[in-house]
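Build out the structure end to end from the sequences listed, making use of the hints.
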Amino acid sequence: MIDKTTPDAAAAVADIPDGATVMIGGFGRAGQPVELIDALIAHGAADLTIVNNNAGNGDTGLAALLAAGRVRKIVCSFPRQSDSWVFDGLYRDGRIELELVPQGNLAERIRAAGAGIGAFFSPTGVGTELAEGKEARTIEGRDYVLEYPIRADFALIAARAADRWGNLVYRETARNFGPIMASAATTTIVQVDELVPLGSLDPETVVTPGIFVDRVVPVGIRSWLDADGAFVGGVDLEGRPLAAATAEEAAA
Amino acid sequence: MSAQRTAGTRISRDELAAVIAADIPEGSIVNLGIGAPTLVANALPEGLEIILHTENGMLGMGPAPEPGRIDPDLINAGKQAVTELPGAAYFHHADSFAMMRGGHLDVCVLGAFQVSEHGDLANWSTGAPGAIPAVGGAMDLAIGAKSVYVMTDLLTKTGESKLVASCSYPLTGVGCVTRVYTDHAVFDVTPDGFAVRQAFGDNTIDSLAELTGLALVDATQGSSPDASGGARTKEEVR
Numbered sequence: 587m588i589d590k591t592t593p594d595a596a597a598a599v600a601d602i603p604d605g606a607t608v609m610i611g612g613f614g615r616a617g618q619p620v621e622l623i624d625a626l627i628a629h630g631a632a633d634l635t636i637v638n639n640n641a642g643n644g645d646t647g648l649a650a651l652l653a654a655g656r657v658r659k660i661v662c663s664f665p666r667q668s669d670s671w672v673f674d675g676l677y678r679d680g681r682i683e684l685e686l687v688p689q690g691n692l693a694e695r696i697r698a699a700g701a702g703i704g705a706f707f708s709p710t711g712v713g714t715e716l717a718e719g720k721e722a723r724t725i726e727g728r729d730y731v732l733e734y735p736i737r738a739d740f741a742l743i744a745a746r747a748a749d750r751w752g753n754l755v756y757r758e759t760a761r762n763f764g765p766i767m768a769s770a771a772t773t774t775i776v777q778v779d780e781l782v783p784l785g786s787l788d789p790e791t792v793v794t795p796g797i798f799v800d801r802v803v804p805v806g807i808r809s810w811l812d813a814d815g816a817f818v819g820g821v822d823l824e825g826r827p828l829a830a831a832t833a834e835e836a837a838a
Numbered sequence: 003m004s005a006q007r008t009a010g011t012r013i014s015r016d017e018l019a020a021v022i023a024a025d026i027p028e029g030s031i032v033n034l035g036i037g038a039p040t041l042v043a044n045a046l047p048e049g050l051e052i053i054l055h056t057e058n059g060m061l062g063m064g065p066a067p068e069p070g071r072i073d074p075d076l077i078n079a080g081k082q083a084v085t086e087l088p089g090a091a092y093f094h095h096a097d098s099f100a101m102m103r104g105g106h107l108d109v110c111v112l113g114a115f116q117v118s119e120h121g122d123l124a125n126w127s128t129g130a131p132g133a134i135p136a137v138g139g140a141m142d143l144a145i146g147a148k149s150v151y152v153m154t155d156l157l158t159k160t161g162e163s164k165l166v167a168s169c170s171y172p173l174t175g176v177g178c179v180t181r182v183y184t185d186h187a188v189f190d191v192t193p194d195g196f197a198v199r200q201a202f203g204d205n206t207i208d209s210l211a212e213l214t215g216l217a218l219v220d221a222t223q224g225s226s227p228d229a230s231g232g233a234r235t236k237e238e239v240r
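First to last, the protein sequences are chains S and W. So my numbering is basically just the index in the first sequence, starting at one, shifted up by 586. So my numbering is basically just the index in the second sequence, starting at one, shifted up by 2.
Hint data in this document are derived by calculation from the structure and do not stem from the laboratory. C-beta atoms are modelled at their ideal positions from N, C-alpha and C, and glycine is treated no differently. There may be inaccurate statements among the hints.
As the list claims (entries may be wrong) - Cβ pair distances, simulated, as ranges:
| id | chain 1 | residue 1 | chain 2 | residue 2 | range |
| --- | --- | --- | --- | --- | --- |
| 1 | W | G215 | S | D604 | 50 to 60 Å |
| 2 | W | A66 | S | E685 | 54 to 64 Å |
| 3 | S | D679 | W | G49 | 49 to 59 Å |
| 4 | S | S786 | W | A66 | 32 to 42 Å |
Below, the structure is given as structure tokens:
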């Protein structure tokens, strides 16, 4: 029997070593695997290279991993945000290395790694400082620069539901980097709202087939969904109950 | 430049958004950049099917949700809460940027620090020492959409023209801009430089030439359009 479910997040991340390259899914907070990141912080692996679109929001999730001093380098497209104060401080103090990659090149480099592509010519960034030093070629009259794949030792992603074979479905724009990161890492660990019985996911709607998934960690249905996964609302963008958010703002 | 400059009529951001929206035909697939370009969404005529793309993985994006209906899984590229319209589709990031790079997007509207008369765009970094760089999807959008529209004030807060002979800020894309919508006038990028397509209020070709310090082609309605006066298509730009 194939069963990729792992009882808890701590067990799922326990073999991530110091110095590992770890892809972390999510665009801002949407699709960020917060429970897996918290487990990685508790696990203690350090000197990590992190691949994500951003560089953390607020003080939780990826931002907390950065704040714990575990990240040597981050590969991302958009580190500077209104709530990226943790990264901003580390960067200004010279305590974190940044590789800035245009978002589409970031996505395609991850996809290329998962697809076994050795490198590819991209028109994005041609003539800009982000393409300096890269091999260039003109193909049918258009200019391109050579971009190499980004691989990882581990990918930590979030999905809506999985079965025990690791077939995944996502929800809305929380899908973002999940499918491509799942394919680009040696070991892919997925947190899901719920584990569903094998055979209950419609094969026509599976987005990430289980071949790309190694471990599945059910973490519970999020507060803005009901037990059937239907949207019920009543939260802010951080997923906090609206009443609590209002009270906090009133106190601030 | 020194001495007195005639500022001329300036239209508001919302008015400019309406000018841009009126130039987007039904059936277009459109990406609106973070910031002022998002105002264009509010100005699109009701009843027309214009599909909004957001690079974090959605076509058919709708407006902000009602209070209490914020969905943390459903956001736009600016990480604001949005909604889905009937006909919407979700996809992963590599597909989303294939839509840009592959030339499937009809229009994108971006902000700018500078646009050169060759259509070069600078909108991601001022290159200031100590600034934290962030590029996001700007470089992909700039080279990807069939028509790249820039929405910006003509002048910086200190009165410098954002239309320039050559960009001094780090480039986002080379020869990629189709048209520039400013608060003073609308300019097409042509092989002969900027062509004034529409001048608002009391702005004239001469006053705009003075404000920008550039030689401008007159392509306003009523002028006799010559063969090179129109905006370049993507193929010509490439």
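Consistency of the hints with the structure:
For G215 of chain W and D604 of chain S, the hinted distance range of 50 to 60 Å is satisfied, since their beta carbons lie about 56 Å from each other. Taken as a hint, the range 54 to 64 Å is violated for the pair A66 of chain W and E685 of chain S, whose Cβ atoms sit roughly 34 Å apart. Judged by the Cβ atoms, the range 49 to 59 Å given for D679 of chain S and G49 of chain W holds: they are separated by roughly 54 Å. Separated by about 34 Å at the C-beta atoms, S786 of chain S and A66 of chain W satisfy the suggested range of 32 to 42 Å.
Checked against the numbered hints above, the structure breaks only hint 2 and satisfies the rest.
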